[in-house]
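Given the sequences, and given the hints that come with them, work out the whole structure.
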Amino acid sequence: MSTSELDRPIWAPEDIKDEELARQEKHLREKHLLLDPRFPPEANRYMLDPMYRTTREFWILFVILGGMVMIFMTTWGIQMYWGLGLTGLNRPVMWALYIVNLVYFIGVGHAGTFISAALRALKIEWRRPISRAAELVTVFALMVAALFPLVHLGRSWKFYWLVPYPNARQLWPSFHSPLMWDMMAIFTYLSGSILFAYLGMLPDLAMIRDHSEGWRHRLYAILSLGWRGTEKEWSNQETALNIFSYVIIPVMFSVHTVVSWDFAMSLQPGWHSSIFGPYFVAGALFSGVGAVIMTLIVLRRFMHLDYFLRAEHFNGMGMFLLLLSLTWDYFYFNDYIVSWYGNEPVEKVFSHILTSGWAAPLWFLMLFCNAILPALTLWSRKVRTTPSALFLVAFFVQIGMYLERYLIVPFTLGFNEFPYSWGVYIPQVPESLITVCSFGLVAFMYVVITRLIPVVPLWEVYEGQVLHGLKRMGRALIKTKAEPD
Amino acid sequence: MPRYELLGLYFDPAPVAEAITQIRSLGVPDSNVEVISRTPYKAEMLNRPTQRGRVGRIALIGAALGILGAGGLTVGIYMLYTLNQGGQPSILPVPPSLIVLFEITMLGTMLATFIGFLLVNNFPRFKSRIYDPQVTEGHIGVVARADDSLAIQVEEVLNRTGAHAVRRVEVTDKKDYRSRYFWGAVVVVPLILLAILGLFVYDIIRLPIPSQMVEQESVAFQQGPRLPAPAGSVPVQGSALIAGQPASEPVPVDENSLQRGQILYTINCAMCHGAGGAGNGSLASHFTPPPADLTTKDVQNLKLQDIFLIITQGRSKMPGLSENLSPTERWDVVNFIRSLGK
Amino acid sequence: MEYPNRKWTMVVDLDKCNGCSACVVACHAENNVPIVTEKQVGRGRSIHWIRIERYWEGKYPNIRVRFLPILCQQCKSAPCEPVCPVYASVHSDRENMNLQIYNRCVGTRFCQHNDPYKVRFFNFFDPVFEEPLNQQLNPDVTVRTAGIIEKCTFCLQRIRRAEEQALVEGSSFLQAKVLPACVQTCPTGALVFGDLNVSDSEVARLCGSPRRFRLLEHLGTEPNVYYLKGGETNVNE
Numbered sequence: 001m002s003t004s005e006l007d008r009p010i011w012a013p014e015d016i017k018d019e020e021l022a023r024q025e026k027h028l029r030e031k032h033l034l035l036d037p038r039f040p041p042e043a044n045r046y047m048l049d050p051m052y053r054t055t056r057e058f059w060i061l062f063v064i065l066g067g068m069v070m071i072f073m074t075t076w077g078i079q080m081y082w083g084l085g086l087t088g089l090n091r092p093v094m095w096a097l098y099i100v101n102l103v104y105f106i107g108v109g110h111a112g113t114f115i116s117a118a119l120r121a122l123k124i125e126w127r128r129p130i131s132r133a134a135e136l137v138t139v140f141a142l143m144v145a146a147l148f149p150l151v152h153l154g155r156s157w158k159f160y161w162l163v164p165y166p167n168a169r170q171l172w173p174s175f176h177s178p179l180m181w182d183m184m185a186i187f188t189y190l191s192g193s194i195l196f197a198y199l200g201m202l203p204d205l206a207m208i209r210d211h212s213e214g215w216r217h218r219l220y221a222i223l224s225l226g227w228r229g230t231e232k233e234w235s236n237q238e239t240a241l242n243i244f245s246y247v248i249i250p251v252m253f254s255v256h257t258v259v260s261w262d263f264a265m266s267l268q269p270g271w272h273s274s275i276f277g278p279y280f281v282a283g284a285l286f287s288g289v290g291a292v293i294m295t296l297i298v299l300r301r302f303m304h305l306d307y308f309l310r311a312e313h314f315n316g317m318g319m320f321l322l323l324l325s326l327t328w329d330y331f332y333f334n335d336y337i338v339s340w341y342g343n344e345p346v347e348k349v350f351s352h353i354l355t356s357g358w359a360a361p362l363w364f365l366m367l368f369c370n371a372i373l374p375a376l377t378l379w380s381r382k383v384r385t386t387p388s389a390l391f392l393v394a395f396f397v398q399i400g401m402y403l404e405r406y407l408i409v410p411f412t413l414g415f416n417e418f419p420y421s422w423g424v425y426i427p428q429v430p431e432s433l434i435t436v437c438s439f440g441l442v443a444f445m446y447v448v449i450t451r452l453i454p455v456v457p458l459w460e461v462y463e464g465q466v467l468h469g470l471k472r473m474g475r476a477l478i479k480t481k482a483e484p485d
Numbered sequence: 001m002p003r004y005e006l007l008g009l010y011f012d013p014a015p016v017a018e019a020i021t022q023i024r025s026l027g028v029p030d031s032n033v034e035v036i037s038r039t040p041y042k043a044e045m046l047n048r049p050t051q052r053g054r055v056g057r058i059a060l061i062g063a064a065l066g067i068l069g070a071g072g073l074t075v076g077i078y079m080l081y082t083l084n085q086g087g088q089p090s091i092l093p094v095p096p097s098l099i100v101l102f103e104i105t106m107l108g109t110m111l112a113t114f115i116g117f118l119l120v121n122n123f124p125r126f127k128s129r130i131y132d133p134q135v136t137e138g139h140i141g142v143v144a145r146a147d148d149s150l151a152i153q154v155e156e157v158l159n160r161t162g163a164h165a166v167r168r169v170e171v172t173d174k175k176d177y178r179s180r181y182f183w184g185a186v187v188v189v190p191l192i193l194l195a196i197l198g199l200f201v202y203d204i205i206r207l208p209i210p211s212q213m214v215e216q217e218s219v220a221f222q223q224g225p226r227l228p229a230p231a232g233s234v235p236v237q238g239s240a241l242i243a244g245q246p247a248s249e250p251v252p253v254d255e256n257s258l259q260r261g262q263i264l265y266t267i268n269c270a271m272c273h274g275a276g277g278a279g280n281g282s283l284a285s286h287f288t289p290p291p292a293d294l295t296t297k298d299v300q301n302l303k304l305q306d307i308f309l310i311i312t313q314g315r316s317k318m319p320g321l322s323e324n325l326s327p328t329e330r331w332d333v334v335n336f337i338r339s340l341g342k
Numbered sequence: 001m002e003y004p005n006r007k008w009t010m011v012v013d014l015d016k017c018n019g020c021s022a023c024v025v026a027c028h029a030e031n032n033v034p035i036v037t038e039k040q041v042g043r044g045r046s047i048h049w050i051r052i053e054r055y056w057e058g059k060y061p062n063i064r065v066r067f068l069p070i071l072c073q074q075c076k077s078a079p080c081e082p083v084c085p086v087y088a089s090v091h092s093d094r095e096n097m098n099l100q101i102y103n104r105c106v107g108t109r110f111c112q113h114n115d116p117y118k119v120r121f122f123n124f125f126d127p128v129f130e131e132p133l134n135q136q137l138n139p140d141v142t143v144r145t146a147g148i149i150e151k152c153t154f155c156l157q158r159i160r161r162a163e164e165q166a167l168v169e170g171s172s173f174l175q176a177k178v179l180p181a182c183v184q185t186c187p188t189g190a191l192v193f194g195d196l197n198v199s200d201s202e203v204a205r206l207c208g209s210p211r212r213f214r215l216l217e218h219l220g221t222e223p224n225v226y227y228l229k230g231g232e233t234n235v236n237e
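Going down the list, the protein sequences come from chains A, B and C.
For reference, each letter of the first sequence is one residue, going 1 to 485 in my numbering.
For reference, each letter of the second sequence is one residue, going 1 to 342 in my numbering.
For reference, each letter of the third sequence is one residue, going 1 to 237 in my numbering.
I should point out that these hints are in silico values taken from the structure, not numbers from a laboratory.
Small disclaimer: the values here were computed from a predicted structure and weren't measured.
Only true hints are included.
With a straight-line cut-off of 25 Å between C-alpha atoms, the simulated SDA-like cross-links for lysine to any residue are:
#	chain 1	residue 1	chain 2	residue 2
1	A	LYS232	B	GLU5
2	B	LYS317	C	GLN136
3	A	LYS232	B	PHE11
4	A	LYS123	A	LEU241
5	B	LYS42	B	ASN32
This is how it looks when you write it as structure tokens:
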């Protein structure tokens, strides 16, 4: 099969006389999405059918997740009314599960942009069917993450004082504070991610507009802004997406670095470390890629996206996860050995309690989930390409990364220079409920959006299918990619 | 603007390139020809000139605005609000300002890219242009704009090169202002919202929020509920209230007392409480809560010694008049106030 | 009105402190510091703007105890200030003190983390002053609500009142007459307060002592509270 002449539609089957070559072609078609173009209306239906078909299971899930969202809001309301005393916070542990959740969800939100923007910039082709699902994970995780600074404020209703606006009393917020940098960074990243996702969505929204009636047609006609697919539109979109990719990658690095500076800028022993910046970014990517893997596996299973999401994609993501695990190991070891070697009194206490005190089970579990399990399993191609196994590894990675943040925030805060002011944090019902239900909130938004937006960017897949082909070299067929200048 | 728009649909790209070449040779300028597809085909594949876009330049404008905005924000705030925090330089600490500068510049770039993309493509499109939904089913459309005679030739070319559907639409000159309304709304509506917000922010509309800590539990001098005097204590000024004994008015209610009371009232009280005691004196509107209406039942039902104590010690915004009036004078005023209710 | 610059300083003589905690009670009374319930104290949320830290050394019967009254050190280079995003924690250059502005605080609690002495306190609930304790509230000091960080202010309200009174009366301001509640109450005279700029003040004299040290000086916070070494109490003697 040769697309070098564009003389017939790429999805039209080619008659290959040679039996061996035909067998090879069939094998390659099964393995690679980008070598497997289908009859376009049929290919569109692979994505449209799951969107339109709403099963009973979906509604059950909707109700359960909706209930969790209600519980989230109610618990938050009760906490705002009575005060933060309902949580397990004390002196000195004044930041606990809410900040852990903030850091965790921002971390999860990093992978989407990385997969979409960085892999796009690096021209890595297996990003094509997964980029939108990843971007949506980013957008929703960030939205929920942005809620947590409000939840943890002592006077949440005064949150708007952190926004620089002119007012009667001429009061302004302070840019000395890492929390303000946080706000700027998260706002930039969230807006950028939403715009980036929307920009990439326009052609697919146009496709749904053309395949729907009634209220759906009107909705997508509005959302697709009148997209037709002219060359000018495509060219401008590519320019815009390129600009976004190159801009949002540094922003992505900066966001989690700025979040890490919430901790690194303080004098708290165990936090005042210059490695926190890159350490957090690596950890963020790590947990984020794990979350995206989990999302993709779930989507593939429940929306029957086997055509789009194939073993090659999970193989690529699995290798990426392994690479990130090793990167995390590198940074964590850096952080650990420096405090282990230094004999600084408070950090000695940390090391002791982490390795042989009450926190030891948490610490060892974290190391197992983050360092040992990925290193043991993700070498194997079989594990990477088996959805259930990969899901399990990614899930344990989430547990490990959550524990890592837990050990950084509430655990470390319990110890400082004056032993009289040491304290232990025990999570109480309100923050535990809010934590669990925040996952429900992300899932809820995601589940709703799968009905409205195609989670696979069809136009990117089709573009890839146009550019990929097979070239015959000797007795074998080789995958080729055409790269226009 | 040429009169007709023609659309021809093809199954695959090869005849498209052929059709475009032939249409060009007919004399139709490249700017009047468009290719519509569901995936981007590079210009060279279809024998089309490359498109140069303005999105990049608009993005740079956004970046510049971002830098200016961030600079203004950081420098401006530090200059407007020089407060010492932790010994850090209060005029422009450089590292934090750089962080803010970076973030807002990137934000400006991204916003400008998006808005530039919309503007350059004339999105959102309100006026419908020639289109066929089959394009998203994988067909490639060739659109040409031409006047009468040329249009017929173009249609022939399309049919000859194998377009399976050809359509011709007359281009109307009707102006559609919806696009302008849209962008106008995009600019005006946020301004209106900001103006409404400004009403709250500049205290033109004041919301009584309980957590402002304006209302305090603690009781200051001349404020708050008066505690009953403990038994056995002796009042400092006059026998107005001796614990355990009924109230007495040392000054009998007669013509002289009422007359003296009225004169003293006019001098000391009328500017707030009004000549007739209705709480409508010339200064009344300056006080929140306003001066009491002395003719109401609530005031008239007060015990005599309570009125005496209020005049002596003051209440809320009302000052105590113990320095202005002697006890007997105060009793005269009390008698006068009582007479107001009759 | 131009007031002169002051360098309010407190000197704590650890040799004289016997841990009676009268300063703690006085501070509660003067500054409307809430009594959190016993359950909340058990959860680690007690609010004492000045507290006596006890450190036990040795095993019974050879126990020694040291008392460390610790209050806001009013650092010159306070780490709690730059981290507040709303300028609720700022520095007063004139009085050389760290100020906490209650109605500006949104409760991020970052200042508490950056404060190495842990002398900042968060109101986890709305303070409850039961009858008749609410009649004892000091009207010169705001009663804080839930969600606000508070800390020792060197009884700034007393300092200001003394300055204003001196201005109104036309008399000279005597820094020696200004006493925070804890200093006023301390029975042994372990707490001494004054203006270090006044060269013949008691604090200036005590600061010349060779026993002088400051807490956590290596952090570079430059506290305005000086401690004088001493203060071992042998319990069984």
